[in-house]
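J.: In case you want the letters, here they are:
Protein chains: 2
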Amino acid sequence: MQSIQDPAAPSGAVILLSGGLDSATVLAMAHAQQYQLHTIAFDYGQRHRIELERSRRIAGKYNCDHRELRIDPGLFLGTALVDPKLNVPDYDPSSTGIPITYVPARNALFLAHALSLAESLQAAAIFIGVNALDYSGYPDCRPEFITAFQAMARLGTRTGLAEKAIRIETPLIQMSKAEIIRTGAALGVDYGLTSSCYNPDLVGRPCQKCASCALRAKGFAEAGLLDPLMS
Amino acid sequence: MQSIQDPAAPSGAVILLSGGLDSATVLAMAHAQQYQLHTIAFDYGQRHRIELERSRRIAGKYNCDHRELRIDPGLFLGTALVDPKLNVPDYDPSSTGIPITYVPARNALFLAHALSLAESLQAAAIFIGVNALDYSGYPDCRPEFITAFQAMARLGTRTGLAEKAIRIETPLIQMSKAEIIRTGAALGVDYGLTSSCYNPDLVGRPCQKCASCALRAKGFAEAGLLDPLMS
Chain C
180 MQSIQDPAAP SGAVILLSGG LDSATVLAMA HAQQYQLHTI AFDYGQRHRI ELERSRRIAG
240 KYNCDHRELR IDPGLFLGTA LVDPKLNVPD YDPSSTGIPI TYVPARNALF LAHALSLAES
300 LQAAAIFIGV NALDYSGYPD CRPEFITAFQ AMARLGTRTG LAEKAIRIET PLIQMSKAEI
360 IRTGAALGVD YGLTSSCYNP DLVGRPCQKC ASCALRAKGF AEAGLLDPLM S
Chain W
180 MQSIQDPAAP SGAVILLSGG LDSATVLAMA HAQQYQLHTI AFDYGQRHRI ELERSRRIAG
240 KYNCDHRELR IDPGLFLGTA LVDPKLNVPD YDPSSTGIPI TYVPARNALF LAHALSLAES
300 LQAAAIFIGV NALDYSGYPD CRPEFITAFQ AMARLGTRTG LAEKAIRIET PLIQMSKAEI
360 IRTGAALGVD YGLTSSCYNP DLVGRPCQKC ASCALRAKGF AEAGLLDPLM S
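For the record, the sequence lines run as chains C and W. Each residue of the first sequence is one higher than the one before, starting from 180 at the first, in our numbering. Each residue of the second sequence is one higher than the one before, starting from 180 at the first, in our numbering.
So that you can see chain C by itself, here it is in the shape it has in the complex:
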């Protein structure tokens, strides 16, 4: 912790990699910016565990320093993404409010893991693929949450006090799903490696009924591209 990083060396970045479309795009963007790439996927008892295998494959493509971290599923009650007794609802464009797929304070907890790792590695930035346009209404995907997390991170770390605060990078936050897909496609992202579905079958095929499948399909349609998962 006492050593001074070589200013000529590329900076490190910690990327939250869920194995979905958004985080795969973010990883490609960080890669294009020549960061040293440290990826984290979380095993928190999610029903869409296929994303862990997808994360490993995507991280492998970019030669990332990849970690799979476990979070006790008992922290997340009342969410259809973890509790097998709760059903993932079909997409309903008329629904309002925070859906039952909300996972309590998940992004705060994911980002806090990334913050400890980033400070340990003297990384300059944390990348997270949150998006506040084509999203599911989760409070922890909004710009005001990210700004508040950044302020907390600055005050609660050694590096923050030294005025070298770890930056929280959210390159997708104001993009439509179609813009995200076009950006990723231009960077060569293989979306066939990703998984977006909240409720895939045992071999990982998407349900094509949940909100996440619907947003993905709408994004590919608007981008004028075919989803390789659908071919």
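Warning: the hint list may mix true and false statements.
Copies of the same chain look alike in the list, so a pair counts if it works inside one copy or between any two.
Unchecked claim - Calculated lysine to any residue pairs in the SDA-like style (CA-CA distance at most 20 Å, straight line):
| hint | residue 1 | residue 2 |
| --- | --- | --- |
| 1 | LYS264 | LEU300 |
| 2 | LYS397 | PRO268 |
| 3 | LYS388 | ALA364 |
| 4 | LYS343 | PRO278 |
| 5 | LYS388 | THR275 |
| 6 | LYS343 | ILE277 |
| 7 | LYS343 | GLY276 |
| 8 | LYS343 | GLY257 |
| 9 | LYS343 | ARG321 |
| 10 | LYS240 | GLY367 |
Derived by calculation from the structure, the hints in this document are not laboratory data.
Dock chain W against the given chain C, drawing on the hints supplied.
T.: Showing chain W alone in chain C's frame:
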């Protein structure tokens, strides 16, 4: 998550319980306020693992709903509390800056776990025994960090959006160590169950040389009480 809590029922509180003097006092204070008590201890590869056993014993005294959560030690590099190759320094009252016992963004990560659990359980508050007077200079023990965490928690949760933000309670933050000990003693805390040392021996006996041992000894002396661990 859809149920409405009985307004007559006592509120729940999540308490971060390290097994040290401060968190044991905080637990007694939350107990005196008649909260339903949910305690968390963390196994993060710390050299003072004796605190996990102490946490269990203290939680048992108060019939808490106790959890021991594991955090990958690989998140915490360059700290003498985790890395066995780094020595815990002897207490030096003239030293300035953040000591090598600082654990990167630990309180942000601990509090984020508590936030997910508190929202899952519909708990009203999170208690943490941070202290900004007789402390070791860690950035994440200061009031400004706690205030920023509270703001982030409000913006990043369903309950926060519903204007029922989970409160972050820090009853010790402006107390001297002597005041903490007097408060706990008045509430009947058995400090013989606690462990404060950063570098205990294999059976948990304190080193009596580290900063944490020194602050504890000073606190008992100023409180005019005998430390049961020293008898």
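J.: State for each hint whether it applies.
T.: Here's how the hints hold up against the structure:
no.: 1; hint: LYS264 to LEU300; result: between (40 Å within a copy, 17 Å between copies)
no.: 2; hint: LYS397 to PRO268; result: within (18 Å within a copy, 58 Å between copies)
no.: 3; hint: LYS388 to ALA364; result: neither (24 Å within a copy, 59 Å between copies)
no.: 4; hint: LYS343 to PRO278; result: between (37 Å within a copy, 18 Å between copies)
no.: 5; hint: LYS388 to THR275; result: within (17 Å within a copy, 58 Å between copies)
no.: 6; hint: LYS343 to ILE277; result: between (35 Å within a copy, 15 Å between copies)
no.: 7; hint: LYS343 to GLY276; result: between (37 Å within a copy, 16 Å between copies)
no.: 8; hint: LYS343 to GLY257; result: between (38 Å within a copy, 17 Å between copies)
no.: 9; hint: LYS343 to ARG321; result: between (24 Å within a copy, 18 Å between copies)
no.: 10; hint: LYS240 to GLY367; result: within (11 Å within a copy, 58 Å between copies)
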